[in-house]
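For reference, the chains in residue letters:
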Amino acid sequence: MRKKYSVMGLFSDFEEVFCALEDIKKNKVPGVTVDDVRLMSPIEHPEIDEVLGERPSHVRRVTLCGSLFGIIGGFYFLVTSQSDFLVQPQGGKPVVPIPSNIVLTYEMFILFSVIATVLGFLVLSGLLFGKREKLYSEKVGVDQIAIVLDLNEETYEPIKALFRQHKVLEIREEVSK
Amino acid sequence: MKHIDEKAIDEEIKWAKINEDVLRHMETPRKAYWIALATSFIMFLVGLTAEVYQYRYGLGVADLNRSHMWGLYIATFIFWVGASHAGTLLSAFLHIIHAEWRRTIYRFAEAMTSVALMTAAIFPMIHLGRVWNLYWVVPYVSDREIWSNFRSPLVWDAFAITTYLTCSLTFLYVGMIPDLAICRDNARGWRKKLYVVLSVGWQGTDRQWRNFRKTYMTMACFLLPLAISVHSVVSSDFAVSLMPGWHVTSFPPYFVAGALYSGCAGIMTLFIIMRYFFRLEDYMTVNIMEKLCKMTFAIAMVWTYLILAEFAAVWYGHNQADKEVLLAKFYGPFAPYFWAMMFLAVVLPFTLAFQRLRRNMAALMVLSILFNIGMWLERWMIVSPTLSHAYNPESWNMLWPSIVQWCIVFGSLGWFGMIFLVFCKIFPMVSMYEVKEMVFHQKKDLLGHKHGHSHAGSGHVVGKPSVEGA
Numbered sequence: 001m002r003k004k005y006s007v008m009g010l011f012s013d014f015e016e017v018f019c020a021l022e023d024i025k026k027n028k029v030p031g032v033t034v035d036d037v038r039l040m041s042p043i044e045h046p047e048i049d050e051v052l053g054e055r056p057s058h059v060r061r062v063t064l065c066g067s068l069f070g071i072i073g074g075f076y077f078l079v080t081s082q083s084d085f086l087v088q089p090q091g092g093k094p095v096v097p098i099p100s101n102i103v104l105t106y107e108m109f110i111l112f113s114v115i116a117t118v119l120g121f122l123v124l125s126g127l128l129f130g131k132r133e134k135l136y137s138e139k140v141g142v143d144q145i146a147i148v149l150d151l152n153e154e155t156y157e158p159i160k161a162l163f164r165q166h167k168v169l170e171i172r173e174e175v176s177k
Numbered sequence: 001m002k003h004i005d006e007k008a009i010d011e012e013i014k015w016a017k018i019n020e021d022v023l024r025h026m027e028t029p030r031k032a033y034w035i036a037l038a039t040s041f042i043m044f045l046v047g048l049t050a051e052v053y054q055y056r057y058g059l060g061v062a063d064l065n066r067s068h069m070w071g072l073y074i075a076t077f078i079f080w081v082g083a084s085h086a087g088t089l090l091s092a093f094l095h096i097i098h099a100e101w102r103r104t105i106y107r108f109a110e111a112m113t114s115v116a117l118m119t120a121a122i123f124p125m126i127h128l129g130r131v132w133n134l135y136w137v138v139p140y141v142s143d144r145e146i147w148s149n150f151r152s153p154l155v156w157d158a159f160a161i162t163t164y165l166t167c168s169l170t171f172l173y174v175g176m177i178p179d180l181a182i183c184r185d186n187a188r189g190w191r192k193k194l195y196v197v198l199s200v201g202w203q204g205t206d207r208q209w210r211n212f213r214k215t216y217m218t219m220a221c222f223l224l225p226l227a228i229s230v231h232s233v234v235s236s237d238f239a240v241s242l243m244p245g246w247h248v249t250s251f252p253p254y255f256v257a258g259a260l261y262s263g264c265a266g267i268m269t270l271f272i273i274m275r276y277f278f279r280l281e282d283y284m285t286v287n288i289m290e291k292l293c294k295m296t297f298a299i300a301m302v303w304t305y306l307i308l309a310e311f312a313a314v315w316y317g318h319n320q321a322d323k324e325v326l327l328a329k330f331y332g333p334f335a336p337y338f339w340a341m342m343f344l345a346v347v348l349p350f351t352l353a354f355q356r357l358r359r360n361m362a363a364l365m366v367l368s369i370l371f372n373i374g375m376w377l378e379r380w381m382i383v384s385p386t387l388s389h390a391y392n393p394e395s396w397n398m399l400w401p402s403i404v405q406w407c408i409v410f411g412s413l414g415w416f417g418m419i420f421l422v423f424c425k426i427f428p429m430v431s432m433y434e435v436k437e438m439v440f441h442q443k444k445d446l447l448g449h450k451h452g453h454s455h456a457g458s459g460h461v462v463g464k465p466s467v468e469g470a
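Line by line, the protein sequences are chains A and B.
Just so you know, we're using our numbering here: the first sequence kicks off at 1 and counts up by one.
Just so you know, we're using our numbering here: the second sequence kicks off at 1 and counts up by one.
Looking at chain B on its own, in the form it has when it is part of the complex:
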């Protein structure tokens, strides 16, 4: 069998080159970047047009005047909240366990989290119809002494998502400060002004690094339970109701696993795109992608187990209404979408068990998109079958979403793409200081092995490997 070098990146890479590469590629991405940005903008305009049309003619154009009061909007909301999961959660988790390979990919994964949350947050607003009444969910002191209902999971959602967005953005920002200082030292014009403000005078002193290390680890420890709580809260929108198919105790872990899975698939897609757009092949290596694939595979298997456990619980629980909903998915009107979901999200991940496939970027691009389509279908299969087949037979019907709904969902992809791509152009998507640390540790380990001892805890302060950057 062909030997594969499992190093995450080349440890001989010079530190100055890391700065140069990342900064240069921010300035001059490939042409494909601009095409993607223009496409995203057009998609966003399509969504915006549909939204304006919906305001002009009312929510009836979205077919939300029947039992399907949630439809695609809330399914897509869950999808985006889920997609937001992997970035911060994985970044925090991998940071806590000191997984070195995280260092080159965590920045864009965290950015994905923040942008996906911003995308998710617009769906409840779109779904509300009267968006000007959005502030009703915000707890504020009013002269009529009216407060929002804190028992409602929808208010929990507002709290949880606001907290997650705030914490994810601060986590992303704090992790970026040393890199913003590098950008500040190298930029000109409006970029320089922006980086001067954002880098808050970072100079890389030992005092700053010491506090930075503690802060970053502390934040990671808080973000881990927060990310899990957020998707548990989203699952409560369904699980605390008495609707058939939703009132399931395994929903919170099932939602968290599903979120991680779709988030990992999203990271895979963006990994390949970023690597190509910004010529980051030296940093986002095939070896790192392979590790990401293995993790995605493991999470997909956890999720598969949970979805099968959910079916089993419904089947053996023998609650007729719950079973009817399940059967509607198995061979009722939702069967094509349900089985497409099962194939894309349950069967297809097994292909990741093959090393040849895990190292083929083109195949992984296709696979990761298919996983995401599968996970989006899964969200739809949570929302729609229950709404179309609940306790009241009068409300039974089959929903095929209207063109307005489809356009808004399509537009949300454009909104996500647009913000994410602009973000990547302004801020370094590969963490320069973390890659330097990675190279430093990799080199140190290598020298440690050569000299037949481990560096860890050696306690000597002299005789350390040179950083070789100068």
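Bound-form chain A, shown alone:
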């Protein structure tokens, strides 16, 4: 059975990481593309999208769902509860007063938008129910940047050589069958 490798190269700065990624982009290791790369870093580099290419984030779609639920559900809740409580003294005002309901609907719109955004973030980032990276270094939280790749026997050694060429500080690996 062919072995599979997870390899993590730790680098001291973004410059070397980006150079290594440029080489991967230039197909210096056939069979490995920049789409296979996962990056771990202590901060988000502002130009990371230029290096890795646009990768989608669907958090805002989840936010939109939360917003719509907050507006529609919030207003519906108010209207139904007010219509259900006709014995309440109305003081000459309508049973379903639009101005005060707008205030409360607004609050519920924001509340559910924020809750949906956070849930979306946790789920889409793989933090809740997600698969974690097997290889992790505490140094990523300090000052080092990691490139993580899943490789096969053909690409394993060339990638390690490429990492060394770009002054990798440490290489960690895990073998699976």
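To be clear, the hints were calculated from the coordinates, so they are not data collected in a lab.
Computed from a predicted model, the values in this text were never measured in an experiment.
It cannot be assumed that every hint is accurate.
[Unchecked claim] Short derived list, chain A residues pointing at chain B, Cβ under 7 angstroms:
1) Thr33
2) Leu104
3) Ser125
The beta-carbon is built from N, C-alpha and C at its ideal position, and this holds for glycine as well.
With the hints as your guide, set chain B onto chain A.
Showing chain B alone in chain A's frame:
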């Protein structure tokens, strides 16, 4: 004139040192921290004793059985809601406009927001008297088909404050996740267990950062209007009534500006305290404080304009009842408190125009406390004069709050201090990853200037400045 380097922090600081400093100082604060915590606890006990006494003998001991049915409790409620304002609002606003100097101070400012809201939330409960009936404001399905009155601004309050507290806490938490992962990697014992749960497996992958960036910006965009709506809703408690002195159309912006002002003053006080307690002088620098002072000054001027506009509207509106309330403040029984408020909150902020003062921490500590006293008096001057001089002459009287009220207000300061200080001991009060980003950008800008070009939008992926952390 002496040249002042305007850098927010030293860009040569190593990334590893940022982690070390913040984590070490969480573990070993100065002795003053423990003294402050003990003092807060004693103050809290004083408030708790007064509260128990009030339950034992009824709300009469708080002198709330006359026309002053709101008194100090609601004035202090508004004060705490206001104090909660600046943290999240400024953090969100400064994040949206990419103000770099926000990065070292936003964490404790957001924590201040959440804790101040928790403090504010206890005042309506205390004021209710029968706290076990608090759930009446919560809209829930009952077998008698009774619902709360959604037309009441007090129910709006319950909605708005619950929303603001939930959103502020989540905003604080989400912004803290990368730092909680750093804490997880370095902690031992019960702290490790806590951080493992709270960091939800953060590893700093590009996917996590990408979603994090979008999430944080989206939340900031929602929090900005929310914070404004919350204090507008609080102002509606007054403005939608027909009471003289309260039925004013400028109340919502006036309340929002006042909240921002007292919140900024609160941030100034806590900035100095945190800086000293946790030895964070390298991160909470004088330059950042100076920027904070300038912002406070600007907000104080907006608030000053709005309070003067309110007086002018009442004066030229020539509604006799409204005018009577205003005159009671000018030279009636409330004059000493009113003019103290005017001096502390309107005149004193002009001292912030002087650079020498803006860079003097001791003077700023005193000033920020005085601003807050001024803003607390302002809240009291909104509530009490109207209640003591409303339309019914039979109810006219002057309130000097009872000792029970004072003790509970005093206790609320202890409650705030206690929770805030415990929070600071458990969670990093300076955002480590944001400070690293700040150092990174500052260094990049510096190199950009040296090489005679701007980094922004250069589009090159190689030749970037090293992060220099390793």
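**Study point:** Numbers of the earlier hints that this structure fails to satisfy, in rising order
**Key:** 1
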